[in-house]
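Dock chain B against the given chain A, drawing on the hints supplied.
2 protein chains.
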Amino acid sequence: MTYCVGLLLDAGMVLLSDTRTNAGLDNISTYKKMFTFERPGERVITVMTAGSLSVTQTTIAQLREAIDDPEATADQSIMLAPTMLKVAEIIGATLARVRSSINAKMEMSQVSTSASMIVAGQRQDGAMRMFLVYPEGNFIEATEDTPFLQIGEHKYGKPILDRVVRMSTSLDDAKKAVLLSMDSTLRSNLSVGMPLDLAVIRKGALCLGETTRIEAQDPQFMAMSQAWSDVLRDGFSEIQI
Amino acid sequence: MTYCVGLLLDAGMVLLSDTRTNAGLDNISTYKKMFTFERPGERVITVMTAGSLSVTQTTIAQLREAIDDPEATADQSIMLAPTMLKVAEIIGATLARVRSSINAKMEMSQVSTSASMIVAGQRQDGAMRMFLVYPEGNFIEATEDTPFLQIGEHKYGKPILDRVVRMSTSLDDAKKAVLLSMDSTLRSNLSVGMPLDLAVIRKGALCLGETTRIEAQDPQFMAMSQAWSDVLRDGFSEIQI
Chain A
43 MTYCVGLLLD
53 AGMVLLSDTR
63 TNAGLDNIST
73 YKKMFTFERP
83 GERVITVMTA
93 GSLSVTQTTI
103 AQLREAIDDP
113 EATADQSIML
123 APTMLKVAEI
133 IGATLARVRS
143 SINAKMEMSQ
153 VSTSASMIVA
163 GQRQDGAMRM
173 FLVYPEGNFI
183 EATEDTPFLQ
193 IGEHKYGKPI
203 LDRVVRMSTS
213 LDDAKKAVLL
223 SMDSTLRSNL
233 SVGMPLDLAV
243 IRKGALCLGE
253 TTRIEAQDPQ
263 FMAMSQAWSD
273 VLRDGFSEIQ
283 I
Chain B
43 MTYCVGLLLD
53 AGMVLLSDTR
63 TNAGLDNIST
73 YKKMFTFERP
83 GERVITVMTA
93 GSLSVTQTTI
103 AQLREAIDDP
113 EATADQSIML
123 APTMLKVAEI
133 IGATLARVRS
143 SINAKMEMSQ
153 VSTSASMIVA
163 GQRQDGAMRM
173 FLVYPEGNFI
183 EATEDTPFLQ
193 IGEHKYGKPI
203 LDRVVRMSTS
213 LDDAKKAVLL
223 SMDSTLRSNL
233 SVGMPLDLAV
243 IRKGALCLGE
253 TTRIEAQDPQ
263 FMAMSQAWSD
273 VLRDGFSEIQ
283 I
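Quick mapping for you: the protein sequence lines, in order, are chains A and B.
The C-terminal position of the first sequence is numbered 283 in this note's numbering, with every residue numbered one higher than the one before it.
The C-terminal position of the second sequence is numbered 283 in this note's numbering, with every residue numbered one higher than the one before it.
The reader is advised that the hints may include incorrect statements.
Cβ-Cβ distance ranges computed for the label pairs, FRET-style [as the list claims (entries may be wrong)]:
no. : chain 1 : residue 1 : chain 2 : residue 2 : range
1   : A       : Asp272    : B       : Ala114    : 51 to 57 Å
2   : A       : Asp167    : B       : Ser233    : 40 to 46 Å
3   : A       : Asn64     : B       : Gln262    : 42 to 48 Å
4   : A       : Asp204    : B       : Ala258    : 16 to 22 Å
5   : B       : Ile283    : A       : Gln99     : 28 to 34 Å
No lab work stands behind these hints: they were computed from the structure.
Positions of the beta carbon are idealized from the N, C-alpha and C atoms, including for glycine.
Okay, chain A solo, but in the shape it has when bound (with noise of 0.2 Å):
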């Protein structure tokens, strides 16, 4: 499996996956999940991915060739497109188009293959903005109600970010929060796995700022998990009931 969270904030947007790929728990390997498309001071999209690696390796590739695809129109290319709407929209058909000619080879073995993606990103004079596409193709966005969205193995790291994610988060406060939802996660799925990437995009940036892969070893990753750890302990000791 995998986990990918997204927050949408007043001042930007804060991005972490993990890179754990597994076929059975017996073949594990490392793979990135969170692409980046941008023409710096015109647009910046950042898409992860979750589920089957055929499907969402497919996907990516198909959307890089209309990207470079001269003849490409806005209805085709995620740089092109005039909108983030329209963006999600490209990436939502590439994903279910991709999706049915995969799960179309695989009758034979009664198996299907699934894939959803969360998608963020600002255009020119746009807003920013943060989709889940699910697997049909079809997608939801983030609002000030829900300000981040999940995909994969969701539900160990989301109390956490129910309890502290606001709108008004700071940018600090938001990587420090996906990265303990991540943290609990590591902790009790073995199908997230480590190293991470996180990304922060800075409303009206425009480009990427900071990108940061993680690994295992990270003695700042460490020190901030060891910390979550001693808060917890400490804090359930003093609870009375």
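Chain B only, in chain A's frame:
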């Protein structure tokens, strides 16, 4: 859905279940999911249930019929079974039989029912044992390495258990742990709801000790929930990244 959790500790067993049952989101009811069978001083057995209400109610009813049947053998009545392992086998076999009989009726509608149970108990001269019975009737047992079992919506509340529950945890800390685990689940998932049923079976007591129904507005539970929110919020702001 449902969330039930059971802890098997050196000092005893702690069990907690919610009471929400739903057929779709527009049909929500309250049903007890914790059932105790005891002959004080000889044996105590507590069963918690998750899944299709028609399956779990029929299973519990059939277990009760066997208990009340004066001709039932030690292979049929959980109150006559010579070991807790046999109790788990009887419950597993009853669950699998009920489920397959109900599924046969539902074949036409292409709907299938499922249910799982946590069985915890102790017999005179026997050890405390706790089992998770799967829909097919097979089961696993809690051990020193993993002293807790969960059924239903188990993911939201697993991180706190992973962090604080050990065999040596005191019964008071164990109550706190399962209540906080439930609190996280209640906040993040609508299909789990108050009131809660909490039970404690002390080691060697051979009877149900404390049993508490915790109502939605229970001041003690609300205070604990608020205190935990404060711990998380304060701890969150203190942590450096």
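Notebook entry, point to check: Is it true that the C-beta distance of Asp272 (chain A) to Ala114 (chain B) lies inside 51 to 57 Å, as the hint says?
Noted result: holds, 53 Å
Notebook entry, point to check: Holds or violated: 42 to 48 Å for the Cβ distance of Asn64 (chain A) and Gln262 (chain B)?
Noted result: Hint holds: Cβ distance 43 Å, inside 42 to 48 Å.
Check: Between Asp167 (chain A) and Ser233 (chain B), is the Cβ distance one that fits in 40 to 46 Å?
Finding: Once the Cβ atoms are compared, 42 Å apart, the range 40 to 46 Å for Ser233 (chain B) and Asp167 (chain A) holds.
Next item on the list: Given the range 16 to 22 Å, decide if the beta-carbon distance of Asp204 (chain A) to Ala258 (chain B) lies inside it.
Entry: holds, 19 Å
Check: Taking the beta carbons of Ile283 (chain B) and Gln99 (chain A), is their distance inside 28 to 34 Å?
Finding: Holds: the Cβ-Cβ distance is about 31 Å, inside 28 to 34 Å.
Violation of the numbered hints given earlier is absent; every hint is satisfied by the structure.
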